[in-house]
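Participant: Protein chains in written order, with the numbering used here: chain A, 2 to 116; chain B, 576 to 688.
By construction, these hints were calculated from the structure, which means they are not laboratory data.
C-beta atoms are modelled at their ideal positions from N, C-alpha and C, and glycine is treated no differently.
Mixed in with the good hints, there may be bad ones.
As the list claims (entries may be wrong) - Rough simulated footprint, nothing fancy, chain A against chain B, three-plus residues with beta-carbon under 8 Å:
id, stretch
1, 619-625
2, 631-644
As the list claims (entries may be wrong) - Derived lysine-lysine pairs resembling DSS-like cross-links, with alpha carbons at most 25 Å apart:
id, chain 1, residue 1, chain 2, residue 2
3, B, 680, A, 58
4, B, 612, B, 632
5, B, 646, B, 612
6, B, 597, B, 632
7, A, 12, B, 632
8, B, 646, B, 632
Each chain is listed here by its residues.
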Amino acid sequence: DTGVSQNPRHKITKRGQNVTFRCDPISEHNRLYWYRQTLGQGPEFLTYFQNEAQLEKSRLLSDRFSAERPKGSFSTLEIQRTEQGDSAMYLCASRPGTMNTGELFFGEGSRLTVL
Amino acid sequence: GENVEQHPSTLSVQEGDSAVIKCTYSDSASNYFPWYKQELGKRPQLIIDIRSNVGEKKDQRIAVTLNKTAKHFSLHITETQPEDSAVYFCAASLNQAGTALIFGKGTTLSVSS
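Sequences and hints are given; from them, build the entire structure.
Facilitator: Spelled out as structure tokens, the structure:
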């Protein structure tokens, strides 16, 4: 098992363009999370999936953000009409469905720069 | 929703000293409190966690204490070493399906030799 995989690792785009990030969780993990992290801040929760169901979404999440996990395996996070304020590291994390294990396993992240 | 405050934002200690980082949370229903360490350019990784039915937990040089009445918990690192230098994040959640882990803003710990 290679852990949580994210790509692309870096994305530079112009304001107004759409971008999509992909996350492949650890294979037996049915819970998947997206976080955003800016410099000097803690990870900020965006959304959460259990299998293919999106169970929770941050109220801070703009309508320009959408996430999917169509088959309960990999997930995508799309940002439409990007703005400079969207520049951040986008982290994906997964964890098993068992109640006794609370640990989140993070990927290396996808760094977005909006020019 | 849950809100987690973390202090201090930066902490500098000499090698061998102890370091303490404190967090408060707002949702009295939260029952799971992990601590993550993030080295520069790396992903956050769990170092220790505690559940609300326990007041203290130790793992070698690190320990976490929890005061549910006051809604605060702390990370204690003893005999600090240069490799302890990193950003530390506390977090809180209801450890059940459909509940996100909410993080504090982090503490940058610098251990000088």
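Participant: Are any of the numbered hints broken by this structure? If so, which, sorted upward?
Facilitator: 2, 7
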